[in-house]
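Colleague: Here are the chains, one letter per residue:
There are 2 protein chains.
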Amino acid sequence: MNKFFKVAMNEALEGLNEGGIPIGSVLVHKDKIISQGHNRRIQKGSVILHAEMDALENASRQHEHVFHECTLYTTLSPCSMCSGAILLYKIPRVVIGENKNFKGEEELLISRGVDVKVLQNPECIEMMSKFIKNNKKLWDEDIGQISL
Amino acid sequence: MNKFFKVAMNEALEGLNEGGIPIGSVLVHKDKIISQGHNRRIQKGSVILHAEMDALENASRQHEHVFHECTLYTTLSPCSMCSGAILLYKIPRVVIGENKNFKGEEELLISRGVDVKVLQNPECIEMMSKFIKNNKKLWDEDIGQISL
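The listed protein sequences derive, respectively, from chains Y and S. FYI, in my numbering the residues of the first sequence are 15 to 162. FYI, in my numbering the residues of the second sequence are 15 to 162.
Treat each hint with caution, since some may be false.
When chains are identical, the list treats them as one kind, so a pair holds in a single copy or across two.
List of simulated lysine-lysine pairs, DSS-like, C-alpha gap at most 25 Å [claimed, not checked]:
1) K46 to K114
2) K117 to K104
3) K58 to K114
4) K58 to K17
5) K131 to K58
6) K147 to K58
7) K151 to K104
8) K117 to K44
9) K46 to K17
10) K131 to K114
11) K147 to K104
12) K147 to K17
13) K17 to K131
14) K104 to K150
15) K117 to K46
16) K151 to K20
17) K144 to K46
18) K144 to K44
19) K114 to K20
20) K151 to K131
21) K114 to K151
22) K58 to K104
These are computed hints drawn from the structure, not numbers from a lab. A quick note: this is a predicted structure, and the numbers were derived from the prediction, not measured.
Produce the complete structure using the sequences and hints provided.
Modeller: Here you go:
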């Protein structure tokens, strides 16, 4: 497993251990991690701290060119909010753990020139699939759906 | 001036008084304000707390249908991150103060069925125009641009 993706996976597992939604992200600049984060909906009662947003927020303000040279590793396909943040900061490369459980705005990202790679990592797919099955209402909330 | 838009303007002015970027937002559900916020880049060193995101975060977790029934008032055209958040939470209506100083992802919002209204409010245009003129580097940072 790619070493940066492994850190994203560990972030997801940390979220799970905290009783949260297991999605993790890592922001890498020139082969060095500048920040990492995980979904904090449960932990902070937050509606904006998806994993990718948490990693960005932990990166804090950067010299203007830094985000333009980063790769974002994230365990799940980024939703419209997180994809929008990727576009805002012109992050050029996104490595996604899987999109079997949720497919976000990959096509929008690609259409705007972002290099998108999907790993379809089996461990990642299983972790998320199990979580969604056991937490359907919470998951629907996280992706803005009404639970039926 | 619409009473909700006025609250968004006051949020923008509060941000300005704090030494921040003057953009404000208000989230209205069934004719009642459920949250409001303003850009906190300077105040909190935040890269994700644009005004719209701050208002959403201040709304906190809601019953799943609430965001689907809201109107978001915001003083400036929403960037890709904030537009992505609007799409994630299926906010159906957005009232924008102006898009002369910055035009965000209005077309994407409209293409996804969001009702977008732009007021082109002269007070709002002047406030933002003056701010950008005097704070070009900071403004470029807020919209992910490299200052020349």
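Colleague: So, for every hint listed, does it hold in this structure?
Modeller: These are the hints, each one checked on the structure:
{"no.": "1", "hint": "K46 to K114", "result": "neither (28 Å within a copy, 39 Å between copies)"}
{"no.": "2", "hint": "K117 to K104", "result": "both (20 Å within a copy, 17 Å between copies)"}
{"no.": "3", "hint": "K58 to K114", "result": "neither (27 Å within a copy, 36 Å between copies)"}
{"no.": "4", "hint": "K58 to K17", "result": "neither (28 Å within a copy, 31 Å between copies)"}
{"no.": "5", "hint": "K131 to K58", "result": "neither (30 Å within a copy, 33 Å between copies)"}
{"no.": "6", "hint": "K147 to K58", "result": "within (23 Å within a copy, 37 Å between copies)"}
{"no.": "7", "hint": "K151 to K104", "result": "between (33 Å within a copy, 17 Å between copies)"}
{"no.": "8", "hint": "K117 to K44", "result": "neither (28 Å within a copy, 31 Å between copies)"}
{"no.": "9", "hint": "K46 to K17", "result": "within (11 Å within a copy, 48 Å between copies)"}
{"no.": "10", "hint": "K131 to K114", "result": "within (14 Å within a copy, 36 Å between copies)"}
{"no.": "11", "hint": "K147 to K104", "result": "between (34 Å within a copy, 23 Å between copies)"}
{"no.": "12", "hint": "K147 to K17", "result": "neither (28 Å within a copy, 44 Å between copies)"}
{"no.": "13", "hint": "K17 to K131", "result": "within (15 Å within a copy, 46 Å between copies)"}
{"no.": "14", "hint": "K104 to K150", "result": "between (33 Å within a copy, 19 Å between copies)"}
{"no.": "15", "hint": "K117 to K46", "result": "neither (27 Å within a copy, 34 Å between copies)"}
{"no.": "16", "hint": "K151 to K20", "result": "neither (28 Å within a copy, 36 Å between copies)"}
{"no.": "17", "hint": "K144 to K46", "result": "neither (31 Å within a copy, 39 Å between copies)"}
{"no.": "18", "hint": "K144 to K44", "result": "neither (34 Å within a copy, 37 Å between copies)"}
{"no.": "19", "hint": "K114 to K20", "result": "within (19 Å within a copy, 44 Å between copies)"}
{"no.": "20", "hint": "K151 to K131", "result": "neither (29 Å within a copy, 33 Å between copies)"}
{"no.": "21", "hint": "K114 to K151", "result": "within (19 Å within a copy, 41 Å between copies)"}
{"no.": "22", "hint": "K58 to K104", "result": "between (27 Å within a copy, 22 Å between copies)"}
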